[in-house]
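Novice: Sequence:
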Amino acid sequence: MGDNLKHRLDVAIQAAWEAGKLTLRYFQTQLCVEVKGDKTPVTIADKESEDLLFRILLGEFPQDSFLGEERGERSGSSGFRWIIDPIDGTKSFIQGVPLFGVMVALEDPRGTAVLGVVNVPGLNELVAAARGEGCSWNGRRARVSSVAALKDACVTYTSHKTFDDSGRTAAFDRVRARSRVCRGWGDCFGHILVATGRAEAMLDPVLADWDCAALLPILEESGGTFTDWLGNRTHLGKSGVSTNGKVQAELMAHLKC
10 MGDNLKHRLD VAIQAAWEAG KLTLRYFQTQ LCVEVKGDKT PVTIADKESE
60 DLLFRILLGE FPQDSFLGEE RGERSGSSGF RWIIDPIDGT KSFIQGVPLF
110 GVMVALEDPR GTAVLGVVNV PGLNELVAAA RGEGCSWNGR RARVSSVAAL
160 KDACVTYTSH KTFDDSGRTA AFDRVRARSR VCRGWGDCFG HILVATGRAE
210 AMLDPVLADW DCAALLPILE ESGGTFTDWL GNRTHLGKSG VSTNGKVQAE
260 LMAHLKC
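Residue numbers (the working numbering): 10 to 266.
Everything labelled a hint here was simulated from the structure, so no lab data went into it. Positions of the beta carbon are idealized from the N, C-alpha and C atoms, including for glycine. Heads up, a few of these hints could be off.
DSS-like, lysine-lysine: derived pairs with alpha carbons at most 27 Å apart [stated by the list, open to error]:
#, residue 1, residue 2
1, Lys170, Lys56
2, Lys45, Lys160
3, Lys45, Lys100
4, Lys247, Lys265
5, Lys56, Lys45
6, Lys247, Lys100
What follows is a list of derived Cβ distance ranges for each label pair [stated by the list, open to error]:
#, residue 1, residue 2, range
7, Gln72, Gln37, 16 to 22 Å
8, Asp173, Gly68, 20 to 26 Å
9, Pro118, Ala186, 42 to 48 Å
10, Gly193, Asn133, 17 to 23 Å
11, Lys247, Arg119, 29 to 35 Å
12, Ala179, Gln23, 41 to 47 Å
13, Ser155, Lys45, 38 to 44 Å
14, Arg149, Arg64, 25 to 31 Å
15, Leu239, Arg119, 20 to 26 Å
16, Arg34, Leu239, 24 to 30 Å
17, Asn241, Ala157, 19 to 25 Å
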């Protein structure tokens, strides 16, 4: 699958790049914000970004399946499935804060996430990985940090409210008290900070599949780990913990106790 996966990665990078440029046309403008049934916001930028990703990816790979946050599921016959978040961090996008990203992931016929791209267009950062191909950050190799203890680590998260709503505030407080610094650099950007060596861990107690799928290959190909809150290696666990690998055991011990 090597050459085919590399081609798919190239197309995914181009698609995420084009979608990112589209979102910037709406960024820091007066947008109409709708509220979906799950109480999350959506804008025309989210919808048009996903439409563009759909056209590019299925234009190149018409037999693939597609799962998008806005479009939902479209079945295919190839066994491959694209999983898309057209704007991860819509609340930041609406707020005019550039910590949002376009996320593109691919599952292989076994259901394994083998490719991930995150474009953070407001910061001109693009991180991409495919199984066995390594992880790149704006064209150079991305690697996690060498920090080995939580007391020396930078831990990031998205929102205090997600810990409260999921009953995981006590666990978060244990980690926060033991880390060197804890900052709310949230959504996909926090996970990208771990993959590029600028943070050691990122905690997300509540996530959807499209929030996670791109992160597993990115973190693993940069030398780190991506699991759910219980420590399972999966992009379907409805939660996410990224680490540089070296602090994972200590971190998970505090999350689980």
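Novice: For every hint, state whether the structure bears it out.
Specialist: Here's how the hints hold up against the structure:
Of the pairs offered as hints, the one joining Lys170 and Lys56 holds, with about 26 Å between alpha carbons and a cut-off of 27 Å not exceeded. With a CA separation close to 40 Å, the supplied pair Lys45 and Lys160 exceeds the 27 Å bound. For the proposed pair Lys45 and Lys100, the alpha carbon gap of about 13 Å is at most 27 Å, so the pair holds. Taken as a hint, the Lys247 and Lys265 pair is honoured in the structure, with Cα atoms around 16 Å apart against an allowance of 27 Å.
For a cut-off of 27 Å, the pair hint linking Lys56 to Lys45 stands: about 12 Å separates their Cα positions. With a C-alpha separation of about 19 Å, the suggested pair Lys247 and Lys100 falls inside the 27 Å cut-off, and the hint holds. At about 39 Å, the beta-carbon gap between Gln72 and Gln37 misses the expected band of 16 to 22 Å. Distance hint check for Asp173 and Gly68: the Cβ-Cβ separation is about 43 Å, which falls outside the suggested range of 20 to 26 Å.
Taken as a hint, the range 42 to 48 Å holds for the pair Pro118 and Ala186, whose Cβ atoms sit roughly 44 Å apart. Checked against the given bound of 17 to 23 Å, the beta carbons of Gly193 and Asn133, roughly 22 Å apart, stay inside it. With their beta carbons about 20 Å apart, Lys247 and Arg119 fall outside the hinted range of 29 to 35 Å. Taken as a hint, the range 41 to 47 Å holds for the pair Ala179 and Gln23, whose Cβ atoms sit roughly 44 Å apart.
Between Ser155 and Lys45 the CB atoms are about 41 Å apart, so this pair conforms to the stated range of 38 to 44 Å. Judged by the Cβ atoms, the range 25 to 31 Å given for Arg149 and Arg64 holds: they are separated by roughly 30 Å. For the hinted restraint 20 to 26 Å between Leu239 and Arg119, the CB-CB distance of approximately 22 Å keeps it satisfied. Taking 24 to 30 Å as the suggested C-beta distance range, the pair Arg34 and Leu239 does not conform, at roughly 40 Å.
Under the hint 19 to 25 Å, the C-beta atoms of Asn241 and Ala157, about 23 Å apart, fit the expected range.
Consistency with the previously given hints fails for numbers 2, 7, 8, 11, 16, ordered from lowest to highest.
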